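Given next are the chains, with one letter for each unit.
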Amino acid sequence: MLRLSLGLVTVFAFSVIIFSTFSFLPGDFATEILGQSATKSAVKALRAELGLDKPPVTRYFDWLGNVFQGDFGSSFSGRSKVQGDQGDRSREVVGLIVPRLKNTLFLTGVAAMLAIPLSLILGISAALYRNSYYDRSATGVSLVTVSSPEFFTAYIFILLLATLFPVFPTISNVDEASTLAERFYRTALPVFTLTLITMGHMMRMTRSAIINILSSEYIEMAKLSGASRYEVIVKHALPNAWAPISQVIAINLAYMLIGSVVVEYVFNYQGIGRLMVGSVYNRDLPVVQACALIFASTYVILNLIADLIGIISNPRLLYPK
Amino acid sequence: MTLNKSKELLLEMKNIHIDGFSDERWHKILKGVDLTLHRGEILGLIGESGAGKSTMGKAAMGYTQPGCKIIKGEINFNGIDLAKLTEFEKRKIWGTKISYVAQSAASSFNPAHRLMDQTISAANRLKINPTDVLKKDAVQLYESLQLPDAENIGDRYPHQVSGGQLQRIMTAMAMSPRPELIIFDEPTTALDVTTQVEVLSAMRSIVDKFNTAAIYITHDLAVVAQMADRIKVLRYGEEVEEAETRDMLSNPKEEYTKSLWSVRSLIKPEETNEDYMLSIKNIDAAYGSSKVLHNVSIDIPKGKTVAIVGESGSGKSTTARVITGLLPQLKGEIIFDGKKLSPKLEQRSKEELRRIQIIFQMPDTAMNPRQTVDEIIGRPIEFYQGIKGKKREAKVIELLKMIELDETFLDRLPSELSGGQKQRICIARALAANPDLIICDEVTSALDQIVQEGILKLLQKLQKELGVTYIFITHDIATVKAISDEIVVMYQGEVVEQGLKSKILNPPYPDYTELLLSSVPEMDPDWLTNLLNKRSS
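Chains A and B are the protein sequences, given in the same order.
Mapping to this note's numbering: the first sequence position 81 is 63, numbers consecutive.
Start counting at 1 in the second sequence, then tack on 240, and there's your number in this note's numbering.
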């Protein structure tokens, strides 16, 4: 319960920070959309229409109140510039975000399903054959993938798998009509990129969590009672490693979501990251706020889940004395 | 201990050499030790830390710790040379034919699994009996080990039972596959004397019951005397001597063996006076919401030594924390040299802080590993007495001489000192403040017998020379006899009694003191048997 309320506070604080940073950015939606040649009165009129003339604090609480009622407001862009014609063509933020969010969740979901099992297997096997050539090369390669930035990894994949060996498309445009197979095919490269950038960290942390436990006395005891290598790792070490492993997975899933901002941009994928970048450019505050809120809550929820796994996997916390 | 044990050879280790890798080079841990064990026989392996007794015990299973390797030697178990087997072949013997009971039960059980599952895991691997038969058998083992609620205790997790119970459950776990040999590696060292007695008797009766052979490793001769038929003394990886238990106790051949119980021969004549250095009156103290001290009153006579004894959880160390101001009391007052001390550390004057010093149990963690001896001792001299430069150095050397070390130690780091030397440096650090009262919190319990003796003698000498007052916190009665004038017995946060050593250590006793004193193992192989007979009657 305490964690949950702390999480809510985090999300709230985050929305305040986003809102106030926006107030410090030069220009607003009105100046951006009307261009430099706009007359002062036109800018003023548009501001009044969007409610941008009110003081920031009032605007923030108006917005907050609406969010609690499930109303994320309307996007500024796509709104009719003709007086009296508003409403019909203005776009609801929710309607704008949901399909994009689905796309992003698909992308990161596939990447996660690839990255998590792979890094667990690699991490555990590296711990099992510690200091072997396999271990050394796996940890070495993972260090390289962790240190290279997303866009670099993305371009390497484009170079290898789209240009030199044209297996996958460089542009991952999907729409409502795409079939599942098409989606997999088109998102292959962004999925690989996201997998690679997060896998290194997860694998290394799994490895060190297991190695840490392997040096404890109950592992020696297990060996002396005749447990095989496999049994030692899977039955004795792994159950005690879930807490640190789930933490690092949560952090990496969140990182994946944030990394998708760059990756979606590189592969021109219609996800929430691209939407957010575009909206920041336009100073489209309602959309940016909503996206930011989604990112923040995902982060908090993922961490809550990790904590929960930590508690469930630890009898000390589950069954008090 | 029955004498009609078979003479059939079970284990024969010949000329065992084991090397260990540490500090970037290989060291010899065992230098050609032999060992023989017959079926149903219990052999005691004894020695100080670093003697190689634990390595020898594990080698009896053909196992070496990571970083160690068997250089040469034969380990014939039932006619098979374990040293020549592969890991895979050895795993078939480990846990089922030979099982192991570790020193620290608390950290040797996997925290993620229930005790029952861990108890029968090795026997389960044999696939002879189905799981429910094994579980029933385990419950019977729990019962014969006198565990409370034997029926259900296996459903608990390791953190839900006490240390003494865990140690007995580990014995049940070792016994579950009915092995031919059990290695007990210091199984009672981490326990209180009162718990130790229960665990010892439980282990002995079950080993007797199934006529299992055992190697019992310990540094406490009195404990091994209760368990073993034969005793082998190791030192620096070599055998000192081996003899039947009774022969060894009555007639030890080597000087070294005699020195193993030297602390027990140290005795100080008691003295007291009516002039109190420190009086604590009606103290209550708590950690958070759990109250640990109830109405504790103790008087400490000037220039004398008061020992506070009791098992873990009795509030001895908490009392020390209250006196030093680390844990402010809820109620009651502390009178130091006629003046009232403020409960809070922050509100005490520098002079008050200087006059009360404390020495801790673990010298390893009580010193900054990156400071040299000169810095460690010099800092309190500078802080409390404002002495700097050449004079400070002279003072440090003077203190080093006082603790029977010399100026060659000035530039050493704690990692370059032995355990006993580290504790001496801690004593010098306390003396550097020129205190009137030193609280010694289990200062000798982490040390070997011989080193203990040296430290205790040093503390006595310093008291004679400087007239300093000691509060000596310990659970070891031999230490108490060696150093104290007065004794305070504590139990569950209360003072059971306080008085002169001769009064406390002689009858009539209050019930708890009786239990505590009678639980201290004595150098008599019949001690445990007699004690158990006495208690059951």
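Hints listed in this document are in silico derivations from the structure and should not be mistaken for laboratory results.
Incorrect hints may have been included.
Stated by the list, open to error - The list that follows gives simulated cross-link-like pairs (lysine-lysine, PhoX-like), each with its CA atoms no further than 25 Å apart:
| id | chain 1 | residue 1 | chain 2 | residue 2 |
| --- | --- | --- | --- | --- |
| 1 | B | 544 | B | 332 |
| 2 | A | 217 | B | 337 |
| 3 | B | 367 | A | 217 |
| 4 | B | 721 | A | 217 |
To be verified - Listing some non-contacts, in silico: residues in chain B with all C-beta distances to chain A over 10 Å:
| id | residue |
| --- | --- |
| 5 | 332 |
| 6 | 333 |
| 7 | 344 |
| 8 | 347 |
| 9 | 351 |
| 10 | 353 |
| 11 | 362 |
| 12 | 365 |
| 13 | 380 |
| 14 | 391 |
| 15 | 434 |
| 16 | 460 |
| 17 | 656 |
| 18 | 686 |
| 19 | 689 |
Bear in mind that the values here come from a model prediction, so they are computed numbers and not experimental data.
All residues carry an ideal CB built from backbone N, CA and C; glycine is no exception.
To see whether the hints hold, each was checked on the structure:
1. 544(B) to 332(B): Violated, because 59 Å separates the two Cα atoms, which is more than 25 Å.
2. 217(A) to 337(B): holds, 22 Å
3. 367(B) to 217(A): holds, 18 Å
4. 721(B) to 217(A): Outside the cut-off at roughly 49 Å; violated.
5. 332: violated, 7 Å
6. 333: violated, 7 Å
7. 344: violated, 6 Å
8. 347: Its Cβ does come within 10 Å of chain A, the nearest being 4 Å, so this is violated.
9. 351: Contrary to the label, residue 351(B) does not stay out of reach of chain A, its closest Cβ about 6 Å off (not over 10 Å).
10. 353: violated, 7 Å
11. 362: violated, 4 Å
12. 365: With a cut-off of 10 Å, residue 365(B) comes too close to chain A, as the shortest Cβ separation is near 6 Å.
13. 380: For residue 380(B), whose nearest Cβ neighbour in chain A is about 20 Å away, the distance exceeds 10 Å, so it holds.
14. 391: holds, 18 Å
15. 434: Since the minimum Cβ distance to chain A is about 21 Å, residue 434(B) lies beyond 10 Å and the statement holds.
16. 460: Check passes; 21 Å lies beyond 10 Å.
17. 656: Fine: 25 Å to the nearest Cβ keeps residue 656(B) off the interface.
18. 686: holds, 18 Å
19. 689: Its Cβ never comes within 10 Å of chain A, the nearest being 25 Å, so this holds.
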